[in-house]
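Asker: Chain residues, written in single-letter form:
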Amino acid sequence: IAGITQAPTSQILAAGRRMTLRCTQDMRHNAMYWYRQDLGLGLRLIHYSNTAGTTGKGEVPDGYSVSRANTDDFPLTLASAVPSQTSVYFCASSFRTGGRNEQFFGPGTRLTVL
Amino acid sequence: AQSVTQPDIHITVSEGASLELRCNYSYGATPYLFWYVQSPGQGLQLLLKYFSGDTLVQGIKGFEAEFKRSQSSFNLRKPSVHWSDAAEYFCAWGNYGQNFVFGPGTRLSVLP
Chain F
28 IAGITQAPTS QILAAGRRMT LRCTQDMRHN AMYWYRQDLG LGLRLIHYSN TAGTTGKGEV
88 PDGYSVSRAN TDDFPLTLAS AVPSQTSVYF CASSFRTGGR NEQFFGPGTR LTVL
Chain P
3 AQSVTQPDIH ITVSEGASLE LRCNYSYGAT PYLFWYVQSP GQGLQLLLKY FSGDTLVQGI
63 KGFEAEFKRS QSSFNLRKPS VHWSDAAEYF CAWGNYGQNF VFGPGTRLSV LP
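Residue numbers (the numbering used here), protein chains in the order written: chain F, 28 to 141; chain P, 3 to 114.
With the rest of the complex left out, here is chain P (with noise of 0.2 Å):
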């Protein structure tokens, strides 16, 4: 079965600090790849998403992250952490005629 993992459960950084959220998926072929972020007792928002092309994606509150087909991953990525940024964060993989699969998350804090 297609599985997403994320290996950090939590991860803290300071403000102003750079920040990489790892995912990784399972199943080998071209894949349709999500990040989505929730902030505490709200649903879930999409950052960005890769689909094809370029391999680095450009989404919404500065984010970005980069799709490695060697290594099966989609990292997000972002240069300098705002405390606005303190969230919960889903990878989500998906392909054509099928469901999302979501990964367990991970949880960001920022320090002041």
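Just chain F, same shape as in the assembly (with noise of 0.2 Å):
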């Protein structure tokens, strides 16, 4: 079935440890987004790419990194996890970036740190 994965589905880490959430779509999109999602202030980007090899950030990339190496795969890393980056992360896609092109979510991934 064609669409986005996720993993972990969720997960539980101590401050300051390294973690890497994976993304996957097989809809051969070529843009990609990772967001947050807290109670009260909806979904805010942390960092997109237009295409294999291009990354850029959005809203609130402060503690994250990202890397397009192909089509398919986006991950987002959190180099030293603190206790804000507690949240649940979307990955999406699109078939372009830019605001007419639909956005397909993941099923995400709830990330808590202690």
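By construction, these hints were calculated from the structure, which means they are not laboratory data.
Hints should not be assumed to be uniformly reliable.
Stated by the list, open to error - Derived CB-CB ranges, DEER-like: (1) P/GLU66 x F/PHE122: 21 to 27 Å; (2) F/PRO110 x P/SER41: 25 to 31 Å; (3) P/GLY64 x F/ALA106: 41 to 47 Å; (4) F/ARG71 x P/GLN73: 24 to 30 Å; (5) F/GLY30 x P/GLN60: 39 to 45 Å; (6) P/ALA19 x F/ARG71: 30 to 36 Å; (7) F/PHE122 x P/THR32: 18 to 24 Å.
Said to hold, decoys possible - If we take Cβ atoms under 8 Å as the criterion, some of the chain P residues that face chain F in the derived model are: (8) GLY45; (9) LEU46; (10) LYS51; (11) PHE53; (12) GLY96; (13) ASN97; (14) ASN101; (15) GLY107; (16) THR108.
Heads up, the beta-carbon is just placed ideally off N, CA and C, and yes, glycines get one too.
Using the hints, put the two standalone chains together into the complex.
Answerer: This is the structure we're talking about:
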């Protein structure tokens, strides 16, 4: 079934530890995105990628890094996790970047940083 | 900066009643507008979208939304709510060359 997969589903992490959230899509979409979802704030864009080999910063990029080595994968790394990074993280993709293009979302990763 | 507001944090309606969820955007240019639904523990699913043309758009699950440029609004409606519609609803704004801006969401509860 075509779509976006994310791993892990949930994770509890000690502060200061490194963590990579995985995201894979099989729709051959050019653009991919990482959002965090916090109560009352909706979804905020962390990083995005217009196409393989390029990345850009979103609204809340600090403390996060991404890479886009190929079309399908877009991992999000927390180099040294802090409690304020406790959130639900969603990966999304679209055919192209830009507001006209519908974004498709993965099921999310619930991350708790203690 | 562009912003999307959803004035109602939480709405409760009875099953079978009509529903309207409000959404306003701040940017004046012709926007692309979307409504997404998020069921508990799930990702977001697109309900409907507006790009241009007819200002009343139909979506999945019996939802519709109306774009009103004069009010900078894109309110979501459903004539008769079902218990399965209980979820979080997000309005989103986009524009050419821009990424999305999401509203904070409205949580819908449905009473039996």
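Asker: Hints first: check each against the structure and report whether it holds.
Answerer: Going down the list of hints, with the structure as the test:
no.: 1; hint: P/GLU66 x F/PHE122: 21 to 27 Å; result: 25 Å, holds
no.: 2; hint: F/PRO110 x P/SER41: 25 to 31 Å; result: 28 Å, holds
no.: 3; hint: P/GLY64 x F/ALA106: 41 to 47 Å; result: 46 Å, holds
no.: 4; hint: F/ARG71 x P/GLN73: 24 to 30 Å; result: 26 Å, holds
no.: 5; hint: F/GLY30 x P/GLN60: 39 to 45 Å; result: 24 Å, violated
no.: 6; hint: P/ALA19 x F/ARG71: 30 to 36 Å; result: 32 Å, holds
no.: 7; hint: F/PHE122 x P/THR32: 18 to 24 Å; result: 20 Å, holds
no.: 8; hint: GLY45; result: 4 Å, holds
no.: 9; hint: LEU46; result: 4 Å, holds
no.: 10; hint: LYS51; result: 6 Å, holds
no.: 11; hint: PHE53; result: 6 Å, holds
no.: 12; hint: GLY96; result: 2 Å, holds
no.: 13; hint: ASN97; result: 4 Å, holds
no.: 14; hint: ASN101; result: 6 Å, holds
no.: 15; hint: GLY107; result: 5 Å, holds
no.: 16; hint: THR108; result: 10 Å, violated
Checked against the numbered hints listed earlier, the structure breaks hints 5, 16; every other hint is satisfied.
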